[in-house]
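> Chain by chain, the residues run as shown.
Number of protein chains: 2
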Amino acid sequence: MTTFNAHDIAKAAKTAFQEAQLISSSERVVALYEIRKSLEAHKAEIIRANEEDLREADVEVKAGKMSATLLKRLDLNRGDKWDSMLQGILDVAALPDPTGSVSYASALDDDLELYRVACPIGVLLVIFEARPEVVVNIASLAIKSGNAAILKGGKESNRTTILLAKAISAGLLKTAIPESYIQAIQTRAEVSSLLELDQYIDLVIPRGSNSLVKNIQNNTRIPVMGHADGLCSVFVDEHADVTKAVRVVLDSKIDYPAACNASETLILHESVVYTIWPTVAEALLQANVKLLCDSVSLDALKQLSPKPPNFENLVSPSTPSSYDTEHLDLILSVIVLPSIQSAIQFINSHSSHHTDSIVTESDVAASAFCRGVDSAGTYVNASTRFADGFRYGFGTEVGISTGRIHARGPVGLDGLVTYKYMMQSKAPSGHIVGEFGIGKKQYKHKPLTVATVPFLE
Amino acid sequence: MTTFNAHDIAKAAKTAFQEAQLISSSERVVALYEIRKSLEAHKAEIIRANEEDLREADVEVKAGKMSATLLKRLDLNRGDKWDSMLQGILDVAALPDPTGSVSYASALDDDLELYRVACPIGVLLVIFEARPEVVVNIASLAIKSGNAAILKGGKESNRTTILLAKAISAGLLKTAIPESYIQAIQTRAEVSSLLELDQYIDLVIPRGSNSLVKNIQNNTRIPVMGHADGLCSVFVDEHADVTKAVRVVLDSKIDYPAACNASETLILHESVVYTIWPTVAEALLQANVKLLCDSVSLDALKQLSPKPPNFENLVSPSTPSSYDTEHLDLILSVIVLPSIQSAIQFINSHSSHHTDSIVTESDVAASAFCRGVDSAGTYVNASTRFADGFRYGFGTEVGISTGRIHARGPVGLDGLVTYKYMMQSKAPSGHIVGEFGIGKKQYKHKPLTVATVPFLE
Chain Z
1003 MTTFNAHDIA
1013 KAAKTAFQEA
1023 QLISSSERVV
1033 ALYEIRKSLE
1043 AHKAEIIRAN
1053 EEDLREADVE
1063 VKAGKMSATL
1073 LKRLDLNRGD
1083 KWDSMLQGIL
1093 DVAALPDPTG
1103 SVSYASALDD
1113 DLELYRVACP
1123 IGVLLVIFEA
1133 RPEVVVNIAS
1143 LAIKSGNAAI
1153 LKGGKESNRT
1163 TILLAKAISA
1173 GLLKTAIPES
1183 YIQAIQTRAE
1193 VSSLLELDQY
1203 IDLVIPRGSN
1213 SLVKNIQNNT
1223 RIPVMGHADG
1233 LCSVFVDEHA
1243 DVTKAVRVVL
1253 DSKIDYPAAC
1263 NASETLILHE
1273 SVVYTIWPTV
1283 AEALLQANVK
1293 LLCDSVSLDA
1303 LKQLSPKPPN
1313 FENLVSPSTP
1323 SSYDTEHLDL
1333 ILSVIVLPSI
1343 QSAIQFINSH
1353 SSHHTDSIVT
1363 ESDVAASAFC
1373 RGVDSAGTYV
1383 NASTRFADGF
1393 RYGFGTEVGI
1403 STGRIHARGP
1413 VGLDGLVTYK
1423 YMMQSKAPSG
1433 HIVGEFGIGK
1443 KQYKHKPLTV
1453 ATVPFLE
Chain D
1003 MTTFNAHDIA
1013 KAAKTAFQEA
1023 QLISSSERVV
1033 ALYEIRKSLE
1043 AHKAEIIRAN
1053 EEDLREADVE
1063 VKAGKMSATL
1073 LKRLDLNRGD
1083 KWDSMLQGIL
1093 DVAALPDPTG
1103 SVSYASALDD
1113 DLELYRVACP
1123 IGVLLVIFEA
1133 RPEVVVNIAS
1143 LAIKSGNAAI
1153 LKGGKESNRT
1163 TILLAKAISA
1173 GLLKTAIPES
1183 YIQAIQTRAE
1193 VSSLLELDQY
1203 IDLVIPRGSN
1213 SLVKNIQNNT
1223 RIPVMGHADG
1233 LCSVFVDEHA
1243 DVTKAVRVVL
1253 DSKIDYPAAC
1263 NASETLILHE
1273 SVVYTIWPTV
1283 AEALLQANVK
1293 LLCDSVSLDA
1303 LKQLSPKPPN
1313 FENLVSPSTP
1323 SSYDTEHLDL
1333 ILSVIVLPSI
1343 QSAIQFINSH
1353 SSHHTDSIVT
1363 ESDVAASAFC
1373 RGVDSAGTYV
1383 NASTRFADGF
1393 RYGFGTEVGI
1403 STGRIHARGP
1413 VGLDGLVTYK
1423 YMMQSKAPSG
1433 HIVGEFGIGK
1443 KQYKHKPLTV
1453 ATVPFLE
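For the record, the sequence lines run as chains Z and D. For the first sequence, the numbering used here assigns the number 1003 to the initial residue and increments by one for each residue that follows. For the second sequence, the numbering used here assigns the number 1003 to the initial residue and increments by one for each residue that follows.
There may be inaccurate statements among the hints.
Note: identical chains are not told apart, hence a pair may lie in one copy or across any two.
Claimed, not checked - No farther apart than 25 Å at their CA atoms in a straight line, the calculated lysine to any residue pairs in the SDA-like style are these: (1) Lys1304 - Leu1458; (2) Lys1309 - Glu1363; (3) Lys1443 - Ala1096; (4) Lys1443 - Val1244; (5) Lys1013 - Pro1322; (6) Lys1216 - Tyr1421; (7) Lys1216 - Gln1201; (8) Lys1013 - Asn1217; (9) Lys1448 - Asp1390; (10) Lys1064 - Ser1108; (11) Lys1083 - Gly1391; (12) Lys1176 - Thr1321; (13) Lys1448 - Ser1103; (14) Lys1428 - Arg1080; (15) Lys1448 - Gly1102; (16) Lys1168 - Ala1453; (17) Lys1216 - Ala1191; (18) Lys1304 - Ser1027.
Honestly, the hints are just simulated from the structure, not real lab data. Keep in mind that this is a model prediction, so the values were computed, not measured.
So here's chain Z without its partners, still in its complex pose (with noise of 0.2 Å):
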């Protein structure tokens, strides 16, 4: 039973995508204001079904079953929560169309055109956490990307949920794109089942815990876009200046402790560890942060007179496991190395390959760290915090992916197209290969520069 509705909603999600093909970029502009105007109309219903959804997420954190925290998250109608989820539908309406550009064109021959165009991915499916407000920004993205969604949201806002999904298929509606575009799901076990139809499904993009990710690579053939951990770290060179690794060795680790891109792990090259080490950890104990200390960092703190604030009850010995850990709070694993080179190694067999940032003054050190270490961000004198598609200048952000292949680091629209090759003959009898060879015609490989595709309607 559950099988046949994956199937069936599988199949449908991929004829939607292949006959919106055919439909102009605009229309998915137009979409996504009907699509706001259709919330708007149904907010009182989907307010209600909210409001379901947090009766019952409240007795589960009466029972101690739920954190407040995921109490919170789950209200569509907190703060400005519901506007600016509405709002986001315009922000992502506005930004550049990610498809239809040429990324590489040539004349193989006269009159024989060759172009790379940027075009949707296909089907997405996209599983997130109890956050209702997300099923809006996806579809969003999918729609302004050219691509159709399944979308799978935690069970604690299922309602919501469905109602949400109800809205955008309803604004779809009026336009010339199919309502079966974006559908929600509400099961894990749908999720199962979707994760075999790889001739439907063409990637997943999984938000949430390091093993949630690894539970979908493990169970499917379909290409995952994982949104893993972020461990972090900032590395002090022995050229570093003192006023630059406070302030980014601070930033990265207060700024905001729960994200991903904070800092979990300081690096020390020895030669500062009774230099710019202690400046940097009274700033670290002022601003409340527990440190987490190999032997080295440790004894240079313990000669200080007279100690730090909060030395005693912030500062404690480091074990093997903090180098591997993700704090997510106000703590920060501590470790002195006695080279770059062994920075960079420690930091690629530790950390989850996010973003790592140096701090020195010597353009050698910075090429070496920035070269060596295998993340998706390596920073020279800047917060690990930066590390946001916001922040890059994208107008949005997919998630982080700590994977190498298609995207890497903050995943923007682009993140959710791929291309195609599309060639066109204008000779008076077409092309054909029998004609290129030795003794025969020879290929031009013209460079051509175009934006867009010209025989395309």
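Dock chain D against the given chain Z, drawing on the hints supplied.
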């Protein structure tokens, strides 16, 4: 035991990759020249090992357990195969460096610059057929693009493969690149163990049958870039020119029927069944192509008087499975459909999303076909046989991807790279996120025009 070996091999590959990140890309070109020299120096023993592989294969052929074609492919001393294998190394060495170029650059603030830089992916696991020269070809591509590689060829060429890999490592020993940068493995059990090691291996590239690709996709978390089968088609539109139709259909089928970009299916708009189809059919039959026809296309041929040449022995009715079969031979499935819309739907359901071509004089039809057909290549009045990395102007080809993620269609060196973001603050006290926000600094996102990252050595 096998698991232990696999782990050591994979870890050595990752370490070699990471160490090589600090080596300049010009050294990779030096390495290719050294490998060529080393292969030349070890030619006698490699050829002896190849002769042993051939002797053993010959026994299998005589026992009817192996095809003579496979035997021929094993022979490294046949014709100019050895010399063109060595020339291939120089060709790859001469290609532009696919790494180091900047595809996006922006000043997020005064003195805060962000760069998206092409860089290698990491460790590749490449599994391919029993053609020993592929070892050298793949090794060249991996080294040129800065990736470490673990290679597994067909077991029939094991002796040759081992010595080729040894000669490659001997060449690397004369350079700064670690010798474990390129490693060869021999058994399927080793492949199975390696597929579990996603902490070391970043991309699997299986070259071979659809079942090989699917089997690997089912058994690993590591991303797979599949080079699967090709089920290409040509659609003769109602607005087709007869000369173009004959030339494009014929070339797509007969230029090299065993290639993945050869056409397997001919789709006819119903309005050309009694106009263009008889001429196309006659040309196909004259070229000895077997036609598997649906009832409408078959009836049209039956009504011809006189019958086309070879009609009796080459024309037969199709079955439903004809349209899902990659013939790889002088066989063509033929179907008549009532519209371009139904042709697009048919292709999207039956083709392998490789390359499909329309023959038409109509720009409207060309545009609809190229947008609506969800394949890596969509052509107008050109043979499907153009789908090839060399013909596209990439200089070489890793393979042809029918997937949509990361690389699609013919994959050149560009398909073996990813990108990372580098960021540098040149501000007197570095850059922190806490300085930006409402009532504080705003992001400037000023586009920068640079080809490479200025601060890299």
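> Please go over all the hints and tell whether each is borne out by the structure.
Results of checking the hints against the structure:
Taking the shortest Cα distances, Lys1304 and Leu1458 never come within 25 Å of each other, neither inside one copy (71 Å) nor across copies (39 Å). Proximity of Lys1309 and Glu1363 under a CA criterion of 25 Å is satisfied in neither setting, with 29 Å inside one chain copy and 84 Å between copies. Taking identical chains as interchangeable, the C-alpha atoms of Lys1443 and Ala1096 lie at most 25 Å apart only when they sit on different chains, with a minimum of 23 Å there against 47 Å within one chain. When the C-alpha separation of Lys1443 and Val1244 is checked against a cutoff of 25 Å, the pair qualifies only between copies, where the shortest distance is 23 Å, while the shortest distance within a copy is 65 Å.
Taking the closest pair of Cα atoms, Lys1013 and Pro1322 come within 25 Å of each other only across two copies (20 Å); inside a single copy the shortest separation is 49 Å, beyond that limit. Only between protomers do Lys1216 and Tyr1421 lie at most 25 Å apart by alpha-carbon distance; the minimum there is 23 Å, versus 27 Å within a single protomer. For a Cα distance limit of 25 Å, the shortest separation of Lys1216 from Gln1201 qualifies both inside one copy, at 21 Å, and across copies, at 12 Å. In this assembly of identical chains, Lys1013 and Asn1217 lie within 25 Å of each other by CA distance both inside one copy and across copies; the values are 24 Å within and 23 Å between.
In this assembly of identical chains, Lys1448 and Asp1390 lie within 25 Å of each other by CA distance solely across copies; the values are 16 Å between and 38 Å within a copy. Within a single copy, Lys1064 and Ser1108 get their C-alpha atoms no closer than 65 Å, and across copies no closer than 49 Å, so neither meets the 25 Å cut-off. For the homomeric pair Lys1083 and Gly1391, the shortest alpha-carbon distance inside one copy (20 Å) is at most 25 Å, but the shortest distance between copies (50 Å) is not. Proximity of Lys1176 and Thr1321 under a CA criterion of 25 Å is satisfied in neither setting, with 59 Å inside one chain copy and 41 Å between copies.
For the identical chains of this complex, Lys1448 and Ser1103 are neighbours both inside a copy (19 Å) and across copies (21 Å), given an alpha-carbon limit of 25 Å. Taking CA atoms no more than 25 Å apart as the test, Lys1428 paired with Arg1080 passes in neither setting, with 59 Å inside one copy and 41 Å between copies. For the homomeric pair Lys1448 and Gly1102, the shortest alpha-carbon distances inside one copy (21 Å) and between copies (24 Å) are both at most 25 Å. Taking the shortest alpha-carbon separations for Lys1168 and Ala1453, neither the intra-copy value of 37 Å nor the inter-copy value of 47 Å comes in at or below 25 Å.
When the C-alpha separation of Lys1216 and Ala1191 is checked against a cutoff of 25 Å, the pair qualifies both within a copy, at 17 Å, and between copies, at 23 Å. For the identical chains of this complex, Lys1304 and Ser1027 are neighbours neither inside a copy (64 Å) nor across copies (46 Å), given an alpha-carbon limit of 25 Å.
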